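Protein chains: 2
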Amino acid sequence: MELVGRALAGDRRALGQVLRRVEDRTPEGRAVLRALYPQTGQAHVVGITGAPGSGKSTLVNALALGLRRRGKRVAIVPVDPSSPLSGGAVLGDRIRMQDLSGDPGVFIKSMAAREALGGLAETTGDVITVLDAVGHDVILVETVGVGQAEVDIVREAHTTIVVLVPGLGDDIQAMKAGLLEIADIFVVNKADREGADSVARQLSAMLSLGAPIDRPPPIVRTVATTGEGVDQLLDEVEAHFAYLAASSQLHRLNRRKAERRVLELVRAGLLSRISRALGGSGEFEALVDQVADRKLDPYSAADRLITELLPSR
Amino acid sequence: MELVGRALAGDRRALGQVLRRVEDRTPEGRAVLRALYPQTGQAHVVGITGAPGSGKSTLVNALALGLRRRGKRVAIVPVDPSSPLSGGAVLGDRIRMQDLSGDPGVFIKSMAAREALGGLAETTGDVITVLDAVGHDVILVETVGVGQAEVDIVREAHTTIVVLVPGLGDDIQAMKAGLLEIADIFVVNKADREGADSVARQLSAMLSLGAPIDRPPPIVRTVATTGEGVDQLLDEVEAHFAYLAASSQLHRLNRRKAERRVLELVRAGLLSRISRALGGSGEFEALVDQVADRKLDPYSAADRLITELLPSR
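Heads up: the protein sequence lines correspond to chains P and Y, in order.
Here the first sequence is numbered in my numbering, starting from 1 and rising by one per residue.
Here the second sequence is numbered in my numbering, starting from 1 and rising by one per residue.
The set of hints was computed from the structure by calculation and includes no laboratory data.
This structure is a prediction, so every number in the text was calculated from the model and none was measured.
Errors might be hidden in some of the hints.
Put simply, identical chains are the same to the list, so a pair is met inside one copy or across any two.
[As the list claims (entries may be wrong)] Straight-line Cα separation of at most 25 Å, DMTMM-like style, residue types lysine to aspartate or glutamate; simulated pairs:
{"#": "1", "residue 1": "K295", "residue 2": "D137"}
{"#": "2", "residue 1": "K72", "residue 2": "D303"}
{"#": "3", "residue 1": "K72", "residue 2": "E194"}
{"#": "4", "residue 1": "K72", "residue 2": "D235"}
{"#": "5", "residue 1": "K295", "residue 2": "E259"}
{"#": "6", "residue 1": "K295", "residue 2": "E23"}
{"#": "7", "residue 1": "K295", "residue 2": "E2"}
{"#": "8", "residue 1": "K295", "residue 2": "E28"}
Assemble the whole structure, with the sequences as input and the hints as a guide.
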């Protein structure tokens with residue numbers, strides 16, 4: 001735990017090592033999380049999501065630079081759920097390094113999906129816990145893509161930015177349906193391109209069609225490569241956090257996050273115990289053989305195992 | 001269960017109603033699955049995945065038409081994991097309907113993500129069970145996007161086609177890392193566009209860099225809009241299934257699918273029982289309050305609940 005002390009004191013290498021233990025879910029990592037948790041709750045967690053090719057990485061870069069100019073300590077967490085097996089994207093990080101390396105006020109922690117029982121969203125939550133505890137003011141969590149995994153990750157954020165871009169196809173349009181409901185702020189990036197007006201207009205139209213909400217998400221136009229609009233976006237990000245804090249929403253959000261966190265941990269803990277119990281079980285193997293041979297259906301097999309594992313409920 | 005009889009006899013409306021019950025996880029749906037499961041195991045399940053904008057829907061359409069010419073009964077299952085809240089894409093389905101409607105040998109069943117405990121992959125598995133049992137020769141499962149949810153869905157397939165396309169950005173390139181490992185066949189679609197050669201070359205290069213494998217995935221070029229290359233793709237799809245059947249791989253794959261299925265059902269069953277148990281629990285609520293107020297860390301809260309739920313393990 002001396003490592004934790006050094007990480008808290010600002011030692012970046014120590015922080016990296018702490019994060020690795022947390023990600024690997026070692027007993028030491030778990031102990032670190034227990035120790036650090038009471039010191040969390042200060043950081044503003046901002047999720048950035050959108051389709052591949054929308055320029056998210058460049059935008060996150062620009063946001064980090066802008067936040068630095070505003071005197072904030074920033075952490076960036078690029079999460080790549082698309083690569084469960086081999087480790088994920090590093091291209092964006094290389095580019096990032098060039099702009100932000102050498103600035104002690106910016107810490108970058110990439111995350112790739114693994115075959116972990118607990119799942120990427122949970123591990124991301126743990127990483128955010130550490131980055132919050134060591135004193136980052138803003139944590140930018142960026143996800144590549146727009147699937148369910150990304151939605152789960154975005155749920156860890158206080159403020160969610162959904163990035164759209166002119167000139168993508170029908171699939172993207174269809175995605176908006178789901179994205180409408182998770183966005184606190186919309187960004188139309190590459191706003192210097194043809195079609196930006198049309199994207200913004202469609203978005204407004206879709207928003208006005210939905211049920212009236214307390215705070216309709218603003219639509220900000222940016223050109224991340226030049227920094228255009230980034231300051232306005234940061235103003236909106238700060239305004240959203242102020243809104244959460246002024247209403248009872250921040251409290252409610254934090255309680256919901258706590259509830260989800262505990263539930264996730266209970267689930268993950270139970271599942272790993274159960275997997276262990278089934279893994280060594282001859283009965284499980286025999287039932288699976290019967291299912292594979294179509295002699296038994298999987299639903300009946302599962303019911304039998306469930307009754308044995310939780311007989312009382 | 002009279003409905004099931006009608007669905008087995010080829011009544012499409014009855015089949016639609018059966019599938020709805022299965023998706024809604026009604027007790028009747030569960031009974032249907034138990035009854036139909038022994039009759040499954042005949043269909044060739046083909047997964048098609050790739051980035052938004054790669055022309056997957058058009059390609060699936062073309063594959064279905066090609067399979068019809070080869071005398072196969074075809075089911076198409078477009079799965080949209082990107083829209084967990086509002087129901088998902090319908091655009092592609094409308095287009096599809098125009099080409100394939102009126103053909104009694106093609107059945108289309110769209111799926112969108114829901115806030116279901118069991119998850120989309122599991123429900124897709126159930127839908128495949130029904131479509132297999134009623135006698136479809138080939139089931140084309142198409143997913144929009146390339147996240148973890150899609151990878152889970154693709155695992156239900158015997159043969160996985162990954163669709164790439166010229167002219168997408170760095171995010172896409174990075175994705176390939178994960179996709180390399182799940183693809184049985186690569187398609188470079190829109191092969192008449194500039195850059196198709198380069199995509200195919202990069203792909204070959206990445207494949208040759210990896211560990212040597214038993215059957216390196218072939219790379220097929222298609223222009224889905226004109227049907228070019230689709231016949232060759234179908235030959236590769238059939239060749240892959242023949243390869244699985246001739247080696248012991250098909251048996252192993254089926255056993256692995258059965259194992260995953262039973263495990264998923266056990267997990268889902270346990271989780272729903274546990275959620276019910278915790279939902280009514282004052283202790284759970286009190287612990288969550290303490291966690292939200294940073295008086296207790298979520299890890300300790302979860303450990304306490306786990307010990308109570310599964311005291312013996």
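Open item on the list: Treating 25 Å as the Cα threshold, decide for K295 and E259: within, between, both or neither.
Closed with: Answer is between: at 14 Å across copies they meet the 25 Å cutoff, but 41 Å inside does not.
Open item on the list: At most 25 Å between CA atoms: does that hold for K295 and D137 within a copy, between copies, both, or neither?
Closed with: Answer is between: at 21 Å across copies they meet the 25 Å cutoff, but 58 Å inside does not.
- [ ] Tell me, please, which holds for K72 and D235 at an alpha-carbon limit of 25 Å: within, between, both or neither?
- [x] Result: close within a single copy only, 13 Å intra versus 58 Å inter.
TODO: Pop the pair K72 and D303 into one bin, within, between, both or neither, using alpha-carbon distances up to 25 Å.
DONE: Classified as neither; 53 Å inside a copy, 35 Å across copies.
TODO: Evaluate K295 and E28 at a C-alpha cut-off of 25 Å and name the case that applies: within, between, both or neither.
DONE: Between copies only: 21 Å across chains, 46 Å inside a chain, cut-off 25 Å.
Open item on the list: Treating 25 Å as the Cα threshold, decide for K295 and E2: within, between, both or neither.
Closed with: between (57 Å within a copy, 23 Å between copies)
- [ ] Since the copies are identical, ignore which copy is meant and state whether K72 and E194 lie within 25 Å (CA to CA) inside a copy, between copies, both or neither.
- [x] Classified as neither: same-chain Cα gap 34 Å, cross-chain 45 Å, threshold 25 Å.
Open item on the list: Within a copy, between copies, both or neither: which one fits K295 and E23 at a CA-CA cutoff of 25 Å?
Closed with: between (41 Å within a copy, 24 Å between copies)
When the structure is compared with the earlier hints, violations turn up for hints 2, 3 and for no others.
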